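Participant: With the sequences and hints as input, model every part of the structure.
Protein chains in written order, with the numbering used here: chain S, 1 to 307; chain U, 1 to 307.
These are computed hints drawn from the structure, not numbers from a lab. For clarity, every value in this text was computed on a predicted model and none was experimentally measured. Note that the Cβ used here is the ideal one computed from N, Cα and C, for glycine as well. There may be inaccurate statements among the hints.
[Unchecked claim] Partner residues aside, some chain U positions facing chain S, computed with beta carbon under 8 angstroms:
1) Lys259
2) Ile263
3) Glu274
Protein chains: 2
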Amino acid sequence: MSKLLIVGTVAFDAIETPFGKTDKILGGAATYIGLSAANFNIDSAVVSIVGEDFPDSYLELLKKNNINIDGVEIVKGGKTFFWSGRYHNDLNTRDTLETQLNVLSDFQPLVPKDYKNAEYVMLGNLHPLVQLSVLDQIEDPKLVVLDTMNFWMDNTLEDLKKVIERVDVITINDEEARQLSGEHSLVKAARKIEEMGPKYVVIKKGEHGALLFRGDQIFFAPALPLEEVFDPTGAGDTFAGGFIGYLAYTNDVTFENMKSAIIYGSNLASFCVEKFGTERMQKLDRKQVNERLAEFRKLTQYQTHID
Amino acid sequence: MSKLLIVGTVAFDAIETPFGKTDKILGGAATYIGLSAANFNIDSAVVSIVGEDFPDSYLELLKKNNINIDGVEIVKGGKTFFWSGRYHNDLNTRDTLETQLNVLSDFQPLVPKDYKNAEYVMLGNLHPLVQLSVLDQIEDPKLVVLDTMNFWMDNTLEDLKKVIERVDVITINDEEARQLSGEHSLVKAARKIEEMGPKYVVIKKGEHGALLFRGDQIFFAPALPLEEVFDPTGAGDTFAGGFIGYLAYTNDVTFENMKSAIIYGSNLASFCVEKFGTERMQKLDRKQVNERLAEFRKLTQYQTHID
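Facilitator: Shown next, in the form of structure tokens:
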């Protein structure tokens, strides 16, 4: 059984959408990635940090999903990372209302001994130096996937570049790909980013799907057209978790298999956005997931001969 | 051989993009639709109107592409419809700089006798009353496709609704679908628009592809990721021309075949945007078209079993 090591935030979120608002609820990149990857029969562990205010029930939830949390440090007297944001009416854009780094500001990640030999490593969105520290602790991974965002490009670009140099796959959104590369065309952007290190570039376009690039090869997976998007929080992390979870489960990192991984990631993300926070991801069953995979297939596969 | 009747503008365009600008060049919805549909072995005709200033060479170009122009009225002393616009840097949005209706303001379309029995009818984007007049002149079409835009929704909504009521397929862009339906979700928007008349709704999302809806069935075709988009003018019309041209050529209006038609339309549109105006569409050969169809296939088709 493949081991998947996930580093990222485990946090409190408070979310406002046009449909309602939440108090502090469970959030964080590593949480979404972990819950998404938990849909596969793999051995995963999260490296993160929380404060003493973090409810046991949330940690239990991760454990119940077979996620090892030995690497989640609980800081006595500390407060958990907190983010709050408000989505605009189209749900494509949001304003950050508040960010409290709290215990995250001094986070020194410690990879549990049993996971130093993890074959699959997911560097969730956080400070590049934390991501680098995790890379320095792992032995000989088969595949390292990096997720990041414009905040680190704006503020810690040199550190971020050192991470990018060392990963196999990078997942970023279209605007971030343009920022990082200085190219408007996503085809050109992906090529420039490949030159920075990663063999594979995944560009996330939200409701418009995701593109996978490797050299001249391109694969595209749409997002499932949904009647309602309720809360987009965590969709990107859920996508990444499904992507690497599927790769770890199949233990196959070919381009061909990555196509399926992209579809799997998109599929799981389509559930994530149906409820606030992680709520929907806590109640997924295999039958629902498979039904929607069939919908994905119908959405893009054509049998007729048109050439 | 199926007959395809196209009504729409045959016009002058002057275009500015970040890459350059043109003087008055050949443009117009019917022109793009006709040149795109000309990639199929069908019998097509254009109903339109131009002024005495319209060059013979442009009319010859249409004829050379086997497009019957008996229905193109040439108004002695009249001036041809003229549009000029400037694209923004991202090429997704544009400002109209000038619109001169000229001969178009008194256009009374006359369908040539030989095409009153056309099986396929493409109502290109122009005044809904002109579209209605064409519908009144044709006998018993197998498929009528309507293209329209927000301008008619803003200014002549009641007339437009009368057209929508009578067509089989409507093609509009995502923002227009939202405006017409009052729904933000494209799934809900398509359902509401179906209730207005069309059995099929095609929602164009530009660089993000196109969606085909019929009841609960959805098919999605991506746009081909391109290194450069040079000039988006006419891309939507080229898409529509490829869509109905393929349907007319195969004479098969099932949902399954419409999937291929959508791919064909997207494929031809991907060529259109590579040069200014109609330039690229004048020099297409079958081999290029087929090579790119294979690229489309690679872009979205996956063989692995993922359920």
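Participant: Each hint needs a verdict: does it hold in this structure or not?
Facilitator: Hints, one by one, checked against the model:
Using the Cβ-Cβ criterion of 8 angstroms, the hint placing U:Lys259 at the interface with chain S is satisfied: the shortest such distance is roughly 4 angstroms. Below 8 angstroms, beta-carbon pairs count as interface contacts, and U:Ile263 has one with chain S at about 6 angstroms; its hint therefore holds. Taking 8 angstroms as the C-beta contact cut-off toward chain S, the hint placing U:Glu274 at the interface is violated, the least distance being around 12 angstroms.
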